[in-house]
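J.: Sequence:
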Amino acid sequence: MNDASTQMLPRVALLPPARTKGCDSTLHRIACALVEDVTVELCQERAFVIVSPYTAYRLRGDAGKVEFLRRHRVSYALDARLSDGTLVVNLIFFPLDELIWAARLPLAADRLLEGRQKLIADICLNVTKHIMRSQTISGFYALCGDAYQNYLLGNQQLLKISLPATRKARHFFEKALSEHATFAPALSGIARTLYLEWLLTARGDARLIEASDAYARRAIAADPLQSSGYREFGMTQIYLGDIDQSVEALAHAESLSPHHADGLYSYGDTLVHASRPADALVKLDSALEHSPIAPDCYLWSAAGANYFLGRYEETLALVSRMKDQAPGDRIAAAAHAMLGQQDEAHARVRRVMEATPDFDVMNWLSLIVFKDRAQVEHYREGLLKAGFRTP
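Just so we're aligned, residue 97 is where the sequence shown starts under my numbering, counting upward by one.
Hints listed in this document are in silico derivations from the structure and should not be mistaken for laboratory results.
Any given hint might turn out to be false.
Subject to a maximum C-alpha distance of 30 Å in a straight line, what follows is the list of computed DSSO-like cross-link-like pairs (lysine-lysine) [claimed, not checked]:
(1) K467 / K481
(2) K117 / K419
(3) K256 / K419
(4) K256 / K467
(5) K481 / K271
(6) K256 / K481
(7) K419 / K481
(8) K256 / K271
(9) K419 / K264
(10) K214 / K117
(11) K225 / K214
What follows is a list of derived Cβ distance ranges for each label pair [to be verified]:
(12) A470 / D218: 39 to 45 Å
(13) L123 / H442: 50 to 56 Å
(14) E210 / C139: 34 to 40 Å
Ideal Cβ placement from N, Cα and C applies to all residues, glycine included.
I would like the entire structure built from these sequences, with the hints used as guidance.
T.: Written out as structure tokens, the structure reads:
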């Protein structure tokens with residue numbers, strides 16, 4: 097294989113675990129040696145290029161490793177850490193920050209070879225399978241730097257749930273599309289910003305949802321093997337009233353990308369609206385496990401699922417973990433009221449009305465779609481007890 101063709105292959109970096117305080121030094125050395133040995137073994141693969149063990153070792157725990165991996169066009173990174181005497185590994189598709197595989201490997205002497213073989217086999221299987229499904233994105237990542245940069249900047253804004261951040265994100269996604277009109281993740285990103293704006297303004301502007309639906313459909317048409325289009329299409333269908341189609345779309349998104357935390361969150365959120373809050377929490381808890389520093393939207397959705405299960409304390413605990421609690425004020429007000437904590441409930445109501453003076457609780461309840469009307473009544477009870485006024 098010549099140098100030119102090698103340069104076009106995806107790059108894979110296997111990062112050994114960083115040494116942490118209290119870490120067993122022998123176990124750490126074994127884990128690092130295992131990752132290095134697997135790295136050397138994978139150098140014989142033809143479908144991708146492996147970053148050298150020395151470089152990967154120097155990068156572990158380095159504050160600048162993310163920038164280094166981006167600058168050197170690393171497509172896949174294996175992130176490893178020690179936990180309870182095992183090696184926890186996450187294989188991440190770097191362009192979209194997508195978790196595509198995760199495992200816990202044994203480090204005990206009698207199971208070390210088993211862990212080695214599993215790591216080699218699963219990296220080969222998952223990277224090769226993902227390369228086949230993601231050639232459009234990989235090629236775009238390599239060749240369309242400006243558009244990809246705008247896409248990343250848009251994604252960064254979506255870590256916050258606020259109207260200004262949502263609109264800034266849409267601005268960056270639109271700039272990405274001006275560079276590459278059929279870049280599916282940017283189309284999906286715009287779809288997400290539109291339904292988020294619909295949620296945050298709580299005015300029921302049908303144009304936002306209709307536009308979100310159109311962008312999600314365009315994303316699917318641009319790349320039907322990417323999960324993001326189906327994910328945003330599924331979320332949009334909730335607010336268009338077709339919950340069954342929403343669940344179907346999110347299930348398909350999960351089949352395409354089973355470890356993607358955003359997909360698990362979206363599926364969980366859809367199951368809340370499908371009046372299956374216990375099933376929703378299974379997905380949401382998995383999303384939170386994959387993303388220990390969770391975006392606010394994961395916590396917000398999990399708070400709602402807990403509310404509909406009557407777990408009001410858990411609802412409040414999740415809202416309290418949100419970096420910006422404003423989007424969670426309505427569900428928190430209802431939870432406080434159901435616990436008889438009227439002072440706290442009234443404080444949340446005041447915050448909502450200060451942020452959105454034209455908020456109409458009955459109009460809002462008429463716009464939210466739940467399969468079981470009892471769930472709407474449950475929410476109505478909490479909101480009215482909290483002190484939201486009807487016209």
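J.: Does K481 lie within 30 Å of K256 when you go C-alpha to C-alpha?
T.: 29 Å, holds
J.: Quickly compare the C-alpha distance for K419 and K481 to 30 Å and report which way the hint goes.
T.: Cα-Cα ~26 Å, so holds.
J.: Measure nothing beyond the straight line between the CA atoms of K214 and K117; if it is 30 Å or shorter, mark the hint as holding.
T.: OK: K214 and K117 at ~28 Å, within 30 Å.
J.: Please work out if K419 and K264 have their alpha carbons no farther apart than 30 Å.
T.: Holds - the C-alpha atoms of K264 and K419 are around 18 Å apart, at most 30 Å.
J.: Could one say that the CB atoms of A470 and D218 fall in the range 39 to 45 Å?
T.: 44 Å Cβ-Cβ, so the 39 to 45 Å window holds.
J.: Quickly compare the C-alpha distance for K481 and K271 to 30 Å and report which way the hint goes.
T.: Since the Cα atoms of K481 and K271 sit roughly 45 Å apart, the hinted pair is violated (cutoff 30 Å).
J.: What's the verdict on K256 and K419, does the C-alpha distance respect the 30 Å limit or exceed it?
T.: This hinted pair holds, its Cα atoms lying about 8 Å apart.
J.: Does K256 pair with K271 here, judged by a C-alpha cut-off of 30 Å?
T.: 20 Å, holds
J.: Does the structure keep K467 and K481 at a Cα separation of 30 Å or less?
T.: Holds. K467 to K481 sits at ~23 Å (cutoff 30 Å).
J.: Hint says 50 to 56 Å; check whether the CB-CB distance for L123 and H442 agrees.
T.: Holds, at about 53 Å.
J.: Within 34 to 40 Å: is that where the Cβ-Cβ distance between E210 and C139 falls?
T.: Given range 34 to 40 Å: violated, Cβ gap about 22 Å.
J.: With the threshold set at 30 Å, check whether the alpha-carbon distance from K117 to K419 stays at or below it.
T.: 27 Å, holds
Hints 5, 14, counting from the list given before, are not met by this structure.
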